[in-house]
Amino acid sequence: MIASRMTPKKILLVDDDRDLVDLWKRFLVEAGYEVDIAYDGREGLGLALKGGYALVVLDAMMPRMDGLGVLEQMNSADPRPNNGPVVMISNLDRDSLSAKAVKLGALGCITKSNTNPAAFVSEVKKFLTQVG
Amino acid sequence: MKFYNGRVLNNTPRSRETLAALWKIQKLILDTLDFTQVVQKIVDSIAIELDYLKLGYRAVVLVLADEKAGVLKRVSMSQTSAAEAIMGAGKMTFDEIEVPLGATENFCVKTYIDHQIRITRDWKDILTPPMVEEEARRLQQVSAVKNSLVYPIMEREKCIGVMIFSLEKEASEMSDEEKDLIQSFTDIVSLAVHDAKIYAELDAANDKLKELDKLKDEFISIASHELRAPAGVVKNYLWTVINGKKKLPEQVISDLQKAYGAGDRLAGLVDDLLDVSRIEAGRLEMHEEEFDLGQLIIETAEEYQNRAGVKKVKLDAGEVKDGVVKVKTDRNKIHQVTGNLIDNAIKFTPEGGTVTVKVNSNRGNARVVVTDTGVGIAKEDQSRLFTKFGRIDTSGTEVGRTTGTGLGLYICKRIVELSKGKIWVESQPKKGTKMLFELPSL
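Chains as they are written, first to last, in the numbering used here: chain A, 538 to 669; chain B, 1400 to 1841.
A portion of the hints provided could be inaccurate.
[To be verified] Not close to chain B: a few residues of chain A, all C-beta gaps over 10 Å, as computed:
no.	residue
1	571
2	605
3	614
4	620
[Unchecked claim] Residues from chain A shown here face chain B by an in silico Cβ test under 7 Å; the list is partial:
no.	residue
5	556
6	557
7	619
8	628
9	647
10	649
11	653
12	654
[Stated by the list, open to error] With a straight-line Cα cutoff of 25 Å, these simulated SDA-like cross-link-like pairs (lysine to any residue) come out:
no.	chain 1	residue 1	chain 2	residue 2
13	A	637	B	1626
14	A	562	B	1637
15	B	1509	B	1531
16	B	1596	B	1680
17	A	547	A	568
18	A	637	B	1685
19	B	1657	A	546
20	B	1657	B	1749
21	A	562	B	1577
22	B	1757	B	1777
23	A	546	A	573
24	A	547	B	1639
25	B	1646	A	655
26	B	1821	B	1762
27	B	1607	B	1680
28	A	663	B	1697
29	A	662	B	1704
30	B	1644	A	658
31	B	1613	A	636
32	B	1426	B	1577
33	B	1646	B	1706
34	B	1727	B	1659
35	B	1787	A	651
36	A	663	B	1426
37	A	562	B	1656
Calculated from the structure, these hints are not laboratory results. Ideal Cβ positions, reconstructed from N, Cα and C, are used throughout, including at glycine.
Isolated chain A, as found in the complex (with noise of 0.2 Å):
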């Protein structure tokens, strides 16, 4: 499952769980992305501002800085990076979460104990395609 032969699509995975994202990163290679980790918000604010990123995909609750947080500072970069969308990833449930993530432009939200491995590269396969 290569999801492009010519270019790999990157992605930025921005959380503070270890265990999850190192396991999510490893199926996402698996189906053809090339994927960079940050662990905490400002180490991953550092790398989405860098740009080039067709999906950043942000934790709500960090340390350091939270996804919302990161978020906003993408927002308000000048020059902003050149990335694709942002996807929320959080424990706590989408009720408190989407609306405002939302209204700062994510494109959506995945709730963390409700995914698997698979589901969740589909879920950013399904995020990719929205954006083309």
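With chain A fixed as given, assemble chain B onto it according to the hints.
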């Protein structure tokens, strides 16, 4: 004892002027409930009223007992020129004038104890302690007050403080009617202070409740986040092992699937508890949108095909067509309801059985029907189904080991009701169950 405005007054106001003055003050005071404002308004209104009646009053002071601190505390003084002069000349701020309840020579304390009206020509009687005699008399000179009257403020049988009325005339010049008026003022003060105190207590209790409510919400939010995190890790790794490339013995896969199921239930339980806490607090938010109910049912049924397959139950949503029935409510929440109904149906249907999902239009309503060939539900159990923790006894059946919190259908009912719809059950033991819900269609 007489009634005034429906409340008990200790004395009878006599003249029309007295009644009018009382009425004005009562009206002014009742406009406000904030304690600080009420006590200031009391003394100001009385001073204005007395001044209007040209009775020669220089200052009105309200003193309330603080039994905990063991003092009589000045809480407000009329904003009259005499009062301002006193405060300008004094060495103590108004708030600092606290008379210990043990200072039994002080007239305010005496009146507080024996409830007798007192009159003095010497301010040492009302200001010492905390002031020294010379200071008290110096202030009296500045204020040009000849006499001060100390009245008890009675709340039923209990004295709650005193009012000090300071006059620029002799006490002998006071008419009976004037004395009557002053007495009536103190009665109103007692009512107003009583109300304001209760309001302040209620306000404080309300603030405390709001704070507790906020803390509870934060706790639930953090607790649910922290409980979900490990459940997510456990589920994801178990899934990886179960679905790994390396073929595992069937027994191992079966064991791991049980562990996965437990992780799944844990995550679901946290979701349910969070939903219930929101429902109880009236804060379950509905994000309305127009959507195709048929399409939602098709999607949901697809999600549960795997679970039905594992259980060897046929899940059939073949008759559901998309693009036929549109509704307007919270799509995610209706997804939760349909998922819950299908999940329950699979759970309570033995191997080889069938779960059928249908959607149709029924007199302006979109109706979803989930039918199973499961164990069925006795009539007496049906009413408990949609109540909180309303689990029914399945111990005698082959699905008796089925677990659940008994919250799912309660949440479904609340969601359907918030969508202006209804949910119900039709069932007979051993003849399967029909779970139905209707939503207003567009």
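Going through the hints against the structure:
In this structure residue 571(A) is separated from chain B by more than 10 Å, as the shortest Cβ-Cβ distance comes to about 21 Å. At roughly 14 Å from the closest C-beta of chain B, the C-beta of residue 605(A) stays outside 10 Å, upholding its exclusion from the interface. Every CB of chain B is more than 10 Å from the CB of residue 614(A) (nearest about 28 Å), matching its label as outside the interface. Once the 10 Å rule is applied to beta carbons, residue 620(A) is consistent with being away from chain B; the minimum gap is 25 Å.
Proximity of residue 556(A) to chain B holds as hinted, the smallest CB-CB distance being about 5 Å (cut-off 7 Å). With a least beta-carbon distance of about 5 Å to chain B, the hint placing residue 557(A) at the interface is held under the 7 Å criterion. With its C-beta approaching chain B no nearer than about 31 Å, residue 619(A) sits outside the 7 Å limit, and its interface hint is violated. Taken as an interface hint, residue 628(A) checks out: its beta carbon lies about 4 Å from the nearest beta carbon of chain B, inside 7 Å.
With 7 Å as the threshold, the beta carbon of residue 647(A) stays out of range of chain B, its nearest partner Cβ sitting at about 11 Å, so the hint is violated. Given hint, residue 649(A) at the interface with chain B, holds; its Cβ is 4 Å from that chain's nearest Cβ, closer than 7 Å. A hinted interface residue such as residue 653(A) counts as satisfied when its beta carbon comes closer than 7 Å to some beta carbon of chain B; here the least separation is about 4 Å, so the hint holds. At about 6 Å, the closest approach between the beta carbon of residue 654(A) and any beta carbon in chain B falls short of 7 Å, and the interface hint on this residue holds.
Restraint check for residue 637(A) and residue 1626(B): the C-alpha separation of about 23 Å stays at or below 25 Å, so the hint holds. At most 25 Å may separate the alpha-carbon atoms for a hinted pair to count; residue 562(A) and residue 1637(B) meet this at roughly 16 Å. For the hint linking residue 1509(B) to residue 1531(B), the alpha-carbon distance of about 18 Å falls within 25 Å, and the restraint holds. Distance hint between residue 1596(B) and residue 1680(B) is unfulfilled; the C-alpha atoms sit about 29 Å from each other, more than 25 Å.
Simply put, residue 547(A) and residue 568(A) have alpha-carbon atoms about 12 Å apart, close enough for the 25 Å limit, and the pair holds. Taking the CA atoms of residue 637(A) and residue 1685(B), the gap is near 15 Å; set against the 25 Å cutoff, the hint holds. Under the criterion of a C-alpha separation no larger than 25 Å, the hint pairing residue 1657(B) with residue 546(A) is inconsistent with the structure, at around 36 Å. As the CA atoms of residue 1657(B) and residue 1749(B) are separated by approximately 18 Å, the hinted pair is consistent with the 25 Å bound.
About 89 Å separates the Cα atoms of residue 562(A) and residue 1577(B), which puts this hinted pair outside 25 Å; it is violated. Pair hint residue 1757(B) plus residue 1777(B) holds up; C-alpha atoms about 23 Å apart against a cutoff of 25 Å. About 11 Å separates the Cα atoms of residue 546(A) and residue 573(A), which keeps this hinted pair within 25 Å; it holds. Between residue 547(A) and residue 1639(B), the direct Cα distance comes to roughly 23 Å. Compliance with the 25 Å bound is thereby established for this hinted pair.
A distance of roughly 18 Å separates the Cα atoms of residue 1646(B) and residue 655(A); the hinted pair therefore holds under the 25 Å criterion. A threshold of 25 Å between alpha carbons decides the hint, and for residue 1821(B) with residue 1762(B) the separation of about 14 Å falls inside it, so the pair holds. Of the supplied pair hints, the one linking residue 1607(B) and residue 1680(B) holds, its CA atoms being roughly 16 Å apart against a limit of 25 Å. A C-alpha spacing of about 18 Å is found between residue 663(A) and residue 1697(B), which places the hinted pair at or below 25 Å, so the restraint holds.
For the hint linking residue 662(A) to residue 1704(B), the alpha-carbon distance of about 21 Å falls within 25 Å, and the restraint holds. Proximity of residue 1644(B) to residue 658(A) is assessed by CA-CA distance (about 17 Å); at most 25 Å being required, the pair is judged to hold. Taken as a hint, the residue 1613(B) and residue 636(A) pair is honoured in the structure, with Cα atoms around 20 Å apart against an allowance of 25 Å. The hinted pair formed by residue 1426(B) and residue 1577(B) meets the criterion: a straight-line CA distance of about 20 Å does not exceed 25 Å.
Taking the CA atoms of residue 1646(B) and residue 1706(B), the gap is about 21 Å. The hint holds against a cut of 25 Å. Simply put, residue 1727(B) and residue 1659(B) have alpha-carbon atoms about 35 Å apart, too far for the 25 Å limit, and the pair is violated. For a cut-off of 25 Å, the pair hint linking residue 1787(B) to residue 651(A) stands: about 23 Å separates their Cα positions. For the given pair, residue 663(A) sits about 67 Å from residue 1426(B) by alpha-carbon distance, which is inconsistent with the 25 Å threshold.
Annotation: proposed proximity of residue 562(A) to residue 1656(B) holds, straight-line Cα distance about 23 Å (limit 25 Å).
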